[in-house]
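Asker: Chain by chain, the residues run as shown.
There are 6 protein chains.
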Amino acid sequence: MPQPTASDPALATSPVSAATINLLRTAGTATICSQLAKRGLHRTFLFGPRPLRPGERMVGVAFTLRYVPFREDIDPGLAYDNEQSLQRLAIERIGPGEVLVIDARGDISAGTLGNILAARVRARGGAGIVTDGAFRDAAQVAAEPFPTFCQAANARLSSSVHHPVEMQTVIGCGGVMVVPGDLVVGDDDGVVVIPRSIAAEIAEAAAAQEGLEDFLLTQIRAGAPLLGTYPPNAAMVASYERRTRDGDKIA
Amino acid sequence: MPQPTASDPALATSPVSAATINLLRTAGTATICSQLAKRGLHRTFLFGPRPLRPGERMVGVAFTLRYVPFREDIDPGLAYDNEQSLQRLAIERIGPGEVLVIDARGDISAGTLGNILAARVRARGGAGIVTDGAFRDAAQVAAEPFPTFCQAANARLSSSVHHPVEMQTVIGCGGVMVVPGDLVVGDDDGVVVIPRSIAAEIAEAAAAQEGLEDFLLTQIRAGAPLLGTYPPNAAMVASYERRTRDGDKIA
Amino acid sequence: MPQPTASDPALATSPVSAATINLLRTAGTATICSQLAKRGLHRTFLFGPRPLRPGERMVGVAFTLRYVPFREDIDPGLAYDNEQSLQRLAIERIGPGEVLVIDARGDISAGTLGNILAARVRARGGAGIVTDGAFRDAAQVAAEPFPTFCQAANARLSSSVHHPVEMQTVIGCGGVMVVPGDLVVGDDDGVVVIPRSIAAEIAEAAAAQEGLEDFLLTQIRAGAPLLGTYPPNAAMVASYERRTRDGDKIA
Amino acid sequence: MPQPTASDPALATSPVSAATINLLRTAGTATICSQLAKRGLHRTFLFGPRPLRPGERMVGVAFTLRYVPFREDIDPGLAYDNEQSLQRLAIERIGPGEVLVIDARGDISAGTLGNILAARVRARGGAGIVTDGAFRDAAQVAAEPFPTFCQAANARLSSSVHHPVEMQTVIGCGGVMVVPGDLVVGDDDGVVVIPRSIAAEIAEAAAAQEGLEDFLLTQIRAGAPLLGTYPPNAAMVASYERRTRDGDKIA
Amino acid sequence: MPQPTASDPALATSPVSAATINLLRTAGTATICSQLAKRGLHRTFLFGPRPLRPGERMVGVAFTLRYVPFREDIDPGLAYDNEQSLQRLAIERIGPGEVLVIDARGDISAGTLGNILAARVRARGGAGIVTDGAFRDAAQVAAEPFPTFCQAANARLSSSVHHPVEMQTVIGCGGVMVVPGDLVVGDDDGVVVIPRSIAAEIAEAAAAQEGLEDFLLTQIRAGAPLLGTYPPNAAMVASYERRTRDGDKIA
Amino acid sequence: MPQPTASDPALATSPVSAATINLLRTAGTATICSQLAKRGLHRTFLFGPRPLRPGERMVGVAFTLRYVPFREDIDPGLAYDNEQSLQRLAIERIGPGEVLVIDARGDISAGTLGNILAARVRARGGAGIVTDGAFRDAAQVAAEPFPTFCQAANARLSSSVHHPVEMQTVIGCGGVMVVPGDLVVGDDDGVVVIPRSIAAEIAEAAAAQEGLEDFLLTQIRAGAPLLGTYPPNAAMVASYERRTRDGDKIA
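Protein chains in written order, with this note's numbering: chain D, 10 to 260; chain A, 10 to 260; chain R, 10 to 260; chain V, 10 to 260; chain Y, 10 to 260; chain C, 10 to 260.
Careful, some of the hints might be misleading.
Said to hold, decoys possible - Computed list of lysine-lysine pairs in DSSO-like fashion (alpha-carbon distance at most 30 angstroms, straight line):
(1) C:47 x R:47
(2) V:47 x D:47
(3) Y:47 x A:47
Stated by the list, open to error - Some residues of chain V that are not near chain C, with every Cβ distance over 12 angstroms (derived):
(4) 30
(5) 38
(6) 52
(7) 59
(8) 63
(9) 104
(10) 132
(11) 152
(12) 169
(13) 207
Keep in mind that the hints were calculated from the coordinates and are not lab data.
Beta carbons: idealized from backbone N, C-alpha and C, even for Gly.
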């Protein structure tokens, strides 16, 4: 497999189908992690980011932004300049269905952005925002009907701690490599990254697993023992497939 | 006092009365900690576990399960085998009124279990689940009307980090020794462990303290100063006892 | 500027106007941090304390209390003595509009106080409680309609970990110097401290910024780009001022 | 591969040859980690333990001891009883060539043992001591010509924090599963665990790699580029083998 | 026992005899911790501070200094003013045999002082310096034949992070209450605090324990089992006493 | 001041004089931090990296390398490929006087490189290596007469945790922005970064400060009080200048 370089323009070019996006909307991050793990991918779940809006799912394509620590000679003022700041430039390039993923080095001693910038990401059609840093105005950010994930709230200005230095390069976020164009899915457990090249395959497998597990959960709630049910033996799988087929007929 | 060994079968045998369980349902963990501290027990409150369902109380008897880090030569596959995995075997032995307490070494880099296993614990009559690790499917686990306490949500598979190695031995969880058969009580503050040998005594003292403190809180809200009220002087205690007695008469 | 000494009685004497307090009620901590940063103050936002009651704002004057680790020769018993304990004496001196700020060294291995003491602070007219430690009875504390901020819940007795040693001296809390008499403001992002000498100026500037930013947010939600809007150019500011003026006429 | 249970007596029975031990004495932990990683074992290096005696190597067979947090009802006194304490009993069972590996849950708030017990392990022929906790009397422990690895020094009594609960069961130490009978190797980088079943194979491969790398280091120091040298191409390997063969003839 | 207030002038007045100081020079911190624990004092060993000069012992009387986080309005410049800075004033008050103990809140993001100030403490006859923060110029500080204990080295200016606010009040340092006038002892394990009121008693008991343990270590090294030796039975103690008496005669 | 972009080729082009390098060799990092702080630069000292070779100074020009977390689909094998791996390519581009600075996100769960690669950096004339991650073969790395700074030793393969993704872009290391071409200075306190544009000015000021402080230290050791000496008053400065001038004459 080719290794990504930090600014490989080809990375994000293969299209992601609406079907893949829709399937991923039905799959939890735990199920996606299971499917990734079956294929040998164990470092895809971000450590740290939590949903500001529990119960809201996020599915989108990664648009990356990298912060480094600010330094007084480079950042003499406090306000980011809209015409030069990579934070602002990045936000004005985000397209529909994209998730802004900010590498803040896990530093939560200031926000990475606040509610006005979050609103702009949403207005541009963005699918969400993820950072291993913090948000300012966390209550206002959370008030938008828009999925956002961060590690903390912190009212301090982004520019007092962070300096945005690159967009659309390979970053680390929450201990996970994020390549621009990867699929990013979030729910109440947190955020998982799916390599774009296997996104369709993972989406299908995860959606199928969700269907089966909903059925198994019903069995367990009705008193079935784990043995034979979870994981299901052949009879249980057959029972599920019969139910699904009949359900399809009826519905 | 006899020292526990890791697998002493006698530890859990003395019965816990329904009266003790019911009294503990009325007592907060803060009050229980106070009563334990009065008897010289200061290391009984678990550091880390938080309720997935704020507002829901848990009272039960500890059923312990110990995890160690997984190792690739021991855990070649991803899925736990229902017939051999101690995780699955432990869950299938949990009895009514028992709380599954999982020693995950405070490692939250993967779940310790997810919603289907949690549902099975509940279906078997379990009284709750506690871990100093994480849960997967945290939203689904929280959706069950069943008290669960963990340190984090994490969608990664248990088997990618943890290996279950023992059940019903003495463990550490959240910095506290947990002996199989101990009483385990949880509320919004977190989880406290009560040695079984003093559970009845603690339950009675804690319930009594709760009654008195409800009365004192009423006084404080009405403007009483701390001096004389908290802790109460003799007059205040007499006033409480009078109120309680009269209340008994009226009710 | 004069340096504070730990017990300078002059620190808290200049009056804080009701107008300042009221303006601060309309300003978020993020906005206040921005105004403080413009004046060169970057270390004013407390790291750690979170609201027990999301959505509730706090504004008040700092009344400080310092804890050190308890030691068995100094703290032979468990219960604080109302006549000698500085915790109790401090609470009985809190006046209307004051916020109790407890330096617990960030140690969350026990509570700093519980619901009865919190109720007493409220009964005395206190404006809130802040600590970089924990609260006991967190659910009961949260049930009071009263803003409280802490880093964790912990059911263990304060006296098993903490010893109150001073009141109304300069403390550190959440990594920030707090001088008795400072203004203390809290919201969902957390807690910020405003030096008393610039409280009126900050309050005015922050309230004005909030008004402008509400307007800008409306523009952004309506599709305006960041360039020209955030930060606003002259035309945008003029538009806001016109709207505000007209709004004043209409209302 | 069979899964270990916590107290499987068969685990430690296959003999470890003196040849294996001697080869491991020539191999660094970095090289051993490389050989383990080639075979798919990535979680074998302990996170935390550092050598008290830099420059001294340790090779031995794991003898495990598990601590849990002490509790006042179980540990009423301070001194461990030689006839009942598992800490003392474990030390009196350690045999020649064994390394005492103590699971202290990474808790360094007290020692796990001090210089007299360390001296006893040495007197019994033990090959070293490893813990993810602390040692007391660290200077005295370090003064023995005996390899010891811990995460910190701490003068507090073991019994004020730890309760020894099991010996010779599967433990976690420094984030790694340790099975009784595993090989344990330590050097200045820290400590690595080698599953017993592949110890001979790893020992041979690691010793061979060390020989080759010594040769490659000489080339690098003499100015060779990485390309062709590290990793070596066929010509470089041939050159090494020629040198080794000739060296054998000469020596 | 009377509770200390933060600035009780009576605390440090009872004299400490030269005999006590000399006995403490012969006792390790582990032994002192054991003697303190026997008397119910478990929170006396500082968590964090390590010796800059391994192998060098420190014994002295605590002179306390408290730092809080700096704030730009209070600390507008970088350099501490010798005539007003409490850091400088404190150092100029330290007397012979006193140990400067600095409460830096465990914050190691800047030094607490550097080599010139350390040299001044030594020149005034100080017995050492302890902080749970960092030192600047750590190599130069370590070059003085003078015991110093800190948690880290950090080249940043003290005034960029810390503001000295009080001297000779009760502080917390490394998680331990330090009362001015307490005895402070340091060795390679770290630093322990002895309440002044029991310093003489602890010194005698610790010195006696050291003598016995040296004897027991000789027995253990010669092959004695733990049982009967550590802790010693009556015969072993009698043997030690005989040896000591004879040794006195011979020497 | 122009803001750096991540891959601005102009950054490293202004020459650094040998005089600047030589002056920096005489200045400690504490002194350099003081001079940077005087000019408003407070975030230049790396948090975490410690010298593997205490007592050895490092001065050089930053050559940056950025790691992100590895991911199994991108890094299917273990060994880095010399022809494609950015780790190897970077090392083969390092020139005389350059310091390799590796952004490892503070992750010490594996090495960033080992002794053979360190030897190659040295063979190419490199001036040192700095990382906020770990080194493998730490003892062998330390054996080279070559300054190296890291946060820990860890024997695990770099490729099991890290993926090298960029060289010579702006990075964060130890909480500090490092721009390619910055000056990097290390001593026993740790590592400081000096913006290239002010390197000559800082070098001169720091060397001058060192000379004065050596003189002041002599005064302090001889018993001078802080007042008038540190900071020095006019008479003390005059005395130093006289001494320096006379010393120049004599020597």
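Asker: Now, for every hint given, state plainly whether the structure supports it.
Answerer: Verification of the supplied hints:
A threshold of 30 angstroms between alpha carbons decides the hint, and for residue 47 of chain C with residue 47 of chain R the separation of about 20 angstroms falls inside it, so the pair holds. For the suggested pair residue 47 of chain V and residue 47 of chain D, the alpha carbons sit about 20 angstroms apart, so the restraint of at most 30 angstroms is met. The hinted pair formed by residue 47 of chain Y and residue 47 of chain A meets the criterion: a straight-line CA distance of about 20 angstroms does not exceed 30 angstroms. A cut-off of 12 angstroms between C-beta atoms confirms that residue 30 of chain V is not in contact with chain C; the least separation is 19 angstroms.
With a closest Cβ-Cβ approach of about 4 angstroms to chain C, residue 38 of chain V is found to fall inside the 12 angstroms limit, against its non-interface label. A Cβ of chain C approaches the Cβ of residue 52 of chain V within 12 angstroms, the least distance being about 9 angstroms, so the stated non-interface status is violated. For residue 59 of chain V, the requirement that its beta carbon stay farther than 12 angstroms from each beta carbon of chain C is not met, with the minimum near 8 angstroms. Not every CB of chain C is more than 12 angstroms from the CB of residue 63 of chain V (nearest about 7 angstroms), against its label as outside the interface.
With a cut of 12 angstroms on Cβ distances, residue 104 of chain V stays outside the contact zone with chain C, its closest approach being about 27 angstroms. Chain C leaves residue 132 of chain V outside its interface by the beta-carbon criterion, the shortest separation being 28 angstroms against a cut-off of 12 angstroms. For residue 152 of chain V, the condition that its CB be more than 12 angstroms from all CB atoms of chain C holds, with the nearest at approximately 20 angstroms. The non-interface label for residue 169 of chain V is consistent with chain C: the shortest C-beta to C-beta separation is roughly 28 angstroms, beyond 12 angstroms.
Its beta-carbon lying about 17 angstroms from the closest one in chain C, residue 207 of chain V satisfies the requirement of being farther than 12 angstroms from that chain.
Consistency with the previously given hints fails for numbers 5, 6, 7, 8, ordered from lowest to highest.
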